[in-house]
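These are the residues of each chain, in order.
Protein chains: 2
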Amino acid sequence: MKILGIDPGSRITGYGILEVENLKLFTCLEGGAIRLLEPSFPKRLGQLFTRLREVIEHHQPTIMAIEQVFVHQNVQSALKLGHARGVAIAAASLSGLPVFEYAPRLVKKTVVGYGAAEKHQVQQMVKAVLNLNKLPQADCADALAIALCHAYHLPLLQKG
Amino acid sequence: MKILGIDPGSRITGYGILEVENLKLFTCLEGGAIRLLEPSFPKRLGQLFTRLREVIEHHQPTIMAIEQVFVHQNVQSALKLGHARGVAIAAASLSGLPVFEYAPRLVKKTVVGYGAAEKHQVQQMVKAVLNLNKLPQADCADALAIALCHAYHLPLLQKG
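For the record, the sequence lines run as chains A and B. The opening position of the first sequence corresponds to residue 16 in this note's numbering, with each subsequent residue numbered one higher. The opening position of the second sequence corresponds to residue 16 in this note's numbering, with each subsequent residue numbered one higher.
In case anyone wonders, no lab produced these hints; they're calculated from the structure. Do not rely on the hints blindly, as some may be mistaken.
No distinction is drawn between identical chains; accordingly, a pair holds when it is met within one copy or between any pair of copies.
Calculated pairs, DSS-like style, for lysine-lysine (alpha carbon to alpha carbon, straight line, at most 27 Å) [to be verified]: (1) K95 with K142; (2) K174 with K58; (3) K58 with K95; (4) K134 with K174; (5) K58 with K149; (6) K134 with K124; (7) K174 with K95; (8) K142 with K58; (9) K149 with K174; (10) K95 with K149; (11) K95 with K39; (12) K149 with K39.
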């Protein structure tokens, strides 16, 4: 199965496609950061939708995994993040993908072993687990970590 | 020209299509409330995108007008509203519509004459100005009020 992991933002959205075989062999098929360069926010949201649909079309993942968002200090940034996140979720849903959400601490705990892990620790662990030949960019690493978190939960989900 | 006014929400999104002739003759071509009944939030966001694209496809409006969102007491509801709003803005942007935003107080002041007007006052004024044969539902009235607010600003925009 293929998992699309995503870390949305109003300017940069990290994404990663993880292939899982026999619940334990993990391969990164593609990972990157979608940079939205249009000055207009509406156009950036449109671009995000189009790019994600292209990634989904190309790899045909089975599910999308995304971080849950809880409290944000700044209401304005919560609102902006909400816009990008809504677009990403709609793009996945319209492609028939179920969306799984994981709390940020759970993602770090599952992938790094420590819920308050720093960004660079996530990058290093993602590189090691997926046997990447270089350190993934931070947003891409976050997206791959979310996909990995879902992959690690698959045995539990399948039992339930 | 045709203006799409929209009042997004995570369960109900009001919308209205306003036709403007000679900057002063206003006709409501369609108005309603898109009720998202799916229990899953991702599916509701997908539905919202699809329904809005259908409305846009059908009426071919030139622009979309939407309320600006400032501070929200509750961060979680700001975030949810952000998701729906992001989807609506992406749908418009992907159809090539520019998006104009108006502050809620400005919409009420422009349409009702009073920035702190109550919902029912907005409904009554929208009914009167557009010569509707019944009181529009509240979310639909808000959407039509936003479209009207843009229509009233057209002479200023065209001078600029």
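Consistency of the hints with the structure:
Taking the closest pair of Cα atoms, K95 and K142 never come within 27 Å of each other, the shortest separation being 30 Å inside a single copy and 33 Å across copies. Proximity of K174 to K58 under the C-alpha cut-off of 27 Å is restricted to the inter-copy arrangement: shortest distance 25 Å between copies versus 43 Å within a copy. Proximity of K58 and K95 under a CA criterion of 27 Å is satisfied in both settings, with 14 Å inside one chain copy and 21 Å between copies. Within a single copy, K134 and K174 get their C-alpha atoms no closer than 32 Å, and across copies no closer than 50 Å, so neither meets the 27 Å cut-off.
In this homomeric assembly, K58 and K149 never come within 27 Å of each other (Cα to Cα): the closest approach is 32 Å inside a single copy and 37 Å across copies. For a Cα distance limit of 27 Å, the shortest separation of K134 from K124 inside one copy, 13 Å, qualifies, whereas the shortest one across copies, 47 Å, does not. Within a single copy, K174 and K95 get their C-alpha atoms no closer than 37 Å, and across copies no closer than 31 Å, so neither meets the 27 Å cut-off. Taking identical chains as interchangeable, the C-alpha atoms of K142 and K58 are never at most 27 Å apart, the minima being 33 Å within one chain and 33 Å between chains.
Taking the shortest Cα distances, K149 and K174 never come within 27 Å of each other, neither inside one copy (35 Å) nor across copies (55 Å). Taking identical chains as interchangeable, the C-alpha atoms of K95 and K149 are never at most 27 Å apart, the minima being 31 Å within one chain and 36 Å between chains. Proximity of K95 to K39 under the C-alpha cut-off of 27 Å is found in neither arrangement, the shortest distances being 36 Å within a copy and 35 Å between copies. Proximity of K149 and K39 under a CA criterion of 27 Å is satisfied intra-copy only: 22 Å inside one chain copy versus 62 Å between copies.
Violated hints for the displayed structure, listed by number in ascending order: 1, 4, 5, 7, 8, 9, 10, 11.
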